[in-house]
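Protein chains: 4
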Amino acid sequence: MINVGIVGGTGYTGVELLRLLAAHPEVDLQVITSRSEAGRAVAQLFPNLRGHVALKFSEPEINRLCDCDLVFFATPNGTAMQMVPQLLALGVRVIDLAADFRLSDAKQWQQWYGMPHACPELLNEAVYGLPEVNRAAIRDARLVANPGCYPTATQLGFLPLIESGLVDVSRLIADVKSGVSGAGRGAKVGSLLCEASESMSAYSVAGHRHLPEICQGLEQAAGQAVGLTFVPHLTPMVRGIHATLYAELSDPDAQLQALYEQRYADEPFVDVMPAQSHPQTRSVKGANTCRIALHRPQQGSTVVILSVIDNLVKGAAGQAVQNMNIMHGYDERLGLAQIALLP
Amino acid sequence: MINVGIVGGTGYTGVELLRLLAAHPEVDLQVITSRSEAGRAVAQLFPNLRGHVALKFSEPEINRLCDCDLVFFATPNGTAMQMVPQLLALGVRVIDLAADFRLSDAKQWQQWYGMPHACPELLNEAVYGLPEVNRAAIRDARLVANPGCYPTATQLGFLPLIESGLVDVSRLIADVKSGVSGAGRGAKVGSLLCEASESMSAYSVAGHRHLPEICQGLEQAAGQAVGLTFVPHLTPMVRGIHATLYAELSDPDAQLQALYEQRYADEPFVDVMPAQSHPQTRSVKGANTCRIALHRPQQGSTVVILSVIDNLVKGAAGQAVQNMNIMHGYDERLGLAQIALLP
Amino acid sequence: MINVGIVGGTGYTGVELLRLLAAHPEVDLQVITSRSEAGRAVAQLFPNLRGHVALKFSEPEINRLCDCDLVFFATPNGTAMQMVPQLLALGVRVIDLAADFRLSDAKQWQQWYGMPHACPELLNEAVYGLPEVNRAAIRDARLVANPGCYPTATQLGFLPLIESGLVDVSRLIADVKSGVSGAGRGAKVGSLLCEASESMSAYSVAGHRHLPEICQGLEQAAGQAVGLTFVPHLTPMVRGIHATLYAELSDPDAQLQALYEQRYADEPFVDVMPAQSHPQTRSVKGANTCRIALHRPQQGSTVVILSVIDNLVKGAAGQAVQNMNIMHGYDERLGLAQIALLP
Amino acid sequence: MINVGIVGGTGYTGVELLRLLAAHPEVDLQVITSRSEAGRAVAQLFPNLRGHVALKFSEPEINRLCDCDLVFFATPNGTAMQMVPQLLALGVRVIDLAADFRLSDAKQWQQWYGMPHACPELLNEAVYGLPEVNRAAIRDARLVANPGCYPTATQLGFLPLIESGLVDVSRLIADVKSGVSGAGRGAKVGSLLCEASESMSAYSVAGHRHLPEICQGLEQAAGQAVGLTFVPHLTPMVRGIHATLYAELSDPDAQLQALYEQRYADEPFVDVMPAQSHPQTRSVKGANTCRIALHRPQQGSTVVILSVIDNLVKGAAGQAVQNMNIMHGYDERLGLAQIALLP
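Protein chains in written order, with our numbering: chain A, 1 to 343; chain B, 1 to 343; chain C, 1 to 343; chain D, 1 to 343.
Hints may contain errors.
Using 27 Å as the maximum straight-line C-alpha spacing, the simulated BS3-like pairs for lysine-lysine come out as follows [said to hold, decoys possible]:
hint, chain 1, residue 1, chain 2, residue 2
1, D, K188, B, K56
2, C, K56, A, K188
3, C, K188, A, K188
4, A, K56, C, K188
5, B, K188, D, K107
Hint data in this document are derived by calculation from the structure and do not stem from the laboratory.
All of these numbers come straight from a predicted model, not from anything done at the bench.
Build out the structure end to end from the sequences listed, making use of the hints.
Written as structure tokens, this is what we have:
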């Protein structure tokens, strides 16, 4: 049993963390902070939690958080880095669901996030929390940078191909579609039902913050620079990411299906579907699963990988709980057995 | 641990039963039948169940079902009544999620369902499976008629008022809104996304099959005939029922909030919200909860009750599992602790 | 040909006015103002207008508006009343799509809108712009108060019953469902796709600002006080209002269908459907039509009226253009022949 | 003024044709056929047409159609080819909105559509009705094959690049997202609201019928074979296609924005947006417009073209009316001035 805190629990990753942690048998949820909602019952803000979470939001104070074994940050980018050094010094382990510790290069971080990094010395220590790549390092980490939603779906889709050297890494394409919850719970005109429903559009084609994060992961797998065109799209649904990935095979005889099945054989949360399947995002709604299917249209040299996750679960809160389980020696699947809600 | 079977598992109540039973610690799911899908893996039809349900659909044969302690029918109306007498004779207990055993009057049943009843002699034995009314009888029942979705939301909303004799029961109004999953998984034009989304309409105003079921329950509570106007509406969402109920108070000094809180104080799945709350259907999405809130606009004589459920959970599969728990002496909440998925 | 201006064109009633006026053969759109967007091309904010509207937003200055024959206010409540007296004095006619001039009682207005009225002396002059009631007065009006969306659907549904004295006006019920565009284009958490989609809820049951507006209209028709319970609901769709109206018949032999058909026989924008129809809101999406259907379930004394409109058209911009046509002697249907978009 | 007939008007392209033709000033709609709905009023099936279309469906008989100047086929694939030779022989011009005459190679047609072509001799005469390519030929055509929805968005997006020889045509990628109305009004489980909403998935990755149609058009423009990977996706919305197109530039100094603006300068229904725009499908909902925007992420060699249409308008019925206007010498824009409905 561990004592757990959440900093910044008023967004969608926050409420999703609460849903998962409230039902986790080894978690004692001690504190959840929010400057704006301090004093208010969590279940008043999120009525789905009535009867499940009795906590109130409190001010984000170190002396409340320092009794925790683990603190999750579900805050906007740039917040965690202000508090993390102090918490680590007090012996508290941290999983940051924002982007503060995802890039190992402080300059690059500043370039994409528009502010100097507050503790660049921690960037190398932080472990990128993609268990399918860094499981061992996560186990011992003090500080885990939980991956972004697009990067999770895209990397899990591309990794076996790239690790095996079977494709031309200089021209990868990721055409990725996200539900609107990826934009957060902030009151923005573009996220209104009347703006985002019954419509489809790309955005940030010139450059999205998840691009360097994805490239960093793919380059580590490739052992060389990669060229990636990444086009995110806003899709009229609440949850879900569908990554449609394109790459050119260098070996026309590659056995892709077997490659993927072997790569993920022992992964509890990656499901390689039968060849030529078409995974639906709803098949993982509320679940910590990434479903992947492979295609080679007309037996040509272009391989098409379909990779779906729930952006709030495997793309955020679920993966964070998975990392927590690894860090604390629990069964990696503990508290993550939810079956997707269908329909 | 009990052996459980499902007859007719290809609809939405079927897949929802599977979601709940697959995670239930005291259930060993033995058989699930479907004439049309016999031989096909359940998880192929419902990919959310990949990794959770290994069963295949089989033909609906008595000799497969007779080893079960309990069989759920998730079949169209008129199917269960063909097989139930034989199963009961073999000592198998039954919960029917369809309407075959909900009305105690065989003539009335025939009138509303358009066919003669196949085993009218069982109508009196069958227990109407609304635990908040019939818990004791359910415990000992061989045959439970699981309530309809509209009747569950409407009865739970009206019952305290009617049991207490505080309202004029000759003029009750239930304006009820249902998500499209209430229409089932059948391929009907009216249930297409392009027909049912971005629109709202009433239907069956002249008379809906759930009307006699609701009246039967309310009359039992009132000890007299009731007059109910029931108007169902098709709402552009997947899950959820929102019942807006209207009644005229005969006692202007009635303490309604206290009345409801006391009536449901020990009910694990009825949540009486603070006065003047506005429950959202999404606050119960995937959960077995009924949330109720009370209003008396402008302190007048008209009381407005808001009652929400997930039609597939408390309105179908969840309530069926609740009944199963009662029948078999398990904690009524076992396997039903899911927190609603929000957003 | 008339010169027309719009004050406050950045909301949904604004863009809908622009859609209708840009295609109106007798309108020369001269100016559209917005403090926040001044200098920006209208078609940049609303890309559906690219190629149709070349105007830019400008500052709301009287000296730009005073050359107009008619000015529409599509502003938040409380704005029009600051500018209208000056415009009227300059000979400009005004249609206010907000609530500033809808209530004839300044005290009541202050009570519901939370501020003193800036020009109470105009409340009696202002004509309530429901053409089906006030056509003659609209023709000569300097100032038209365009009705609210809920009041339009509710009054058109109830009026024939009430005018004819056939129902008990002391206990009317209006259970009304609105699409999210009724909440406007403001960035509010409750209007986010992730909050408002896949859910249904009532709101403002204790008292909504449209209640006194509806009562005022119904009382004028009844010649006496009315008792109305009005419960608005937020429905997961963009456009549309579905009013489900309940009343008790005092004459059981009333010929309701004929009554409605006669009452609206000459109305170009009210469509009385065959008895027992179920109008869908999508059947009026983008059109200036109100569709009405009548029911008497089980031939009882409760009459159920279903009334649907597009809240942005007959409930706002379309009705405003209809009023404009009446005021300026054009065919009332000019520029309003759009057929609803289905699917 | 021309006499017009529609064969097969019960689907979504049918009702959309009716919406456009009912308001077209030069069209006298004479007959609309449907075997299944013969005798029923069109406005009963499609209540948005109440008050606009007085016709009833009739049996599809040649002697009713032969008085028309033009007949539209809005039938399933394989139907038009049974009747078209006879109509042409009688002097009736034809626009087929299905696929019967889109491919010039009868063998290829049989391969993709699973039946032999009934009149292969007409395949060369039929003009592919993409006005932006074949305007002159359309003018004189007896038989126009109206393009598919995916092919319209994809070809208009790719054409300027390919005609100018600026990209490597051996590796083109079209990642295309379609609203559910593209699947038609047939009662299929996959098109149910409860299946298709709140989810995203690719389909037919192995090969979709629109692939050869697109390739045929692009190869004609390129003057050589092209290699295209085409991945269609089912998107949870009613209308709209968003094509995200990827190509490799052979000339890094190409002036793409100017190229597109010039190519489409005189096209009334293609709107080249400012560079780096992100067109939303809703910006063309109900309108006959194709909106295109160009991107070169990180100034690399991969060009990304975004192209959106309403699949039922520019992708079907609107383009058919545009072709009709061209064939009959009307202003190409006649009856097609509708502004997209937003929100």
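Evaluated hints:
1. Between K188/D and K56/B the alpha-carbon distance is near 23 Å, which keeps this suggested pair within the 27 Å criterion.
2. A distance of roughly 23 Å separates the Cα atoms of K56/C and K188/A; the hinted pair therefore holds under the 27 Å criterion.
3. With a CA separation close to 7 Å, the supplied pair K188/C and K188/A stays within the 27 Å bound.
4. Pair hint K56/A plus K188/C holds up; C-alpha atoms about 23 Å apart against a cutoff of 27 Å.
5. With a C-alpha separation of about 35 Å, the suggested pair K188/B and K107/D falls outside the 27 Å cut-off, and the hint is violated.
The structure shown violates just one earlier hint, number 5.
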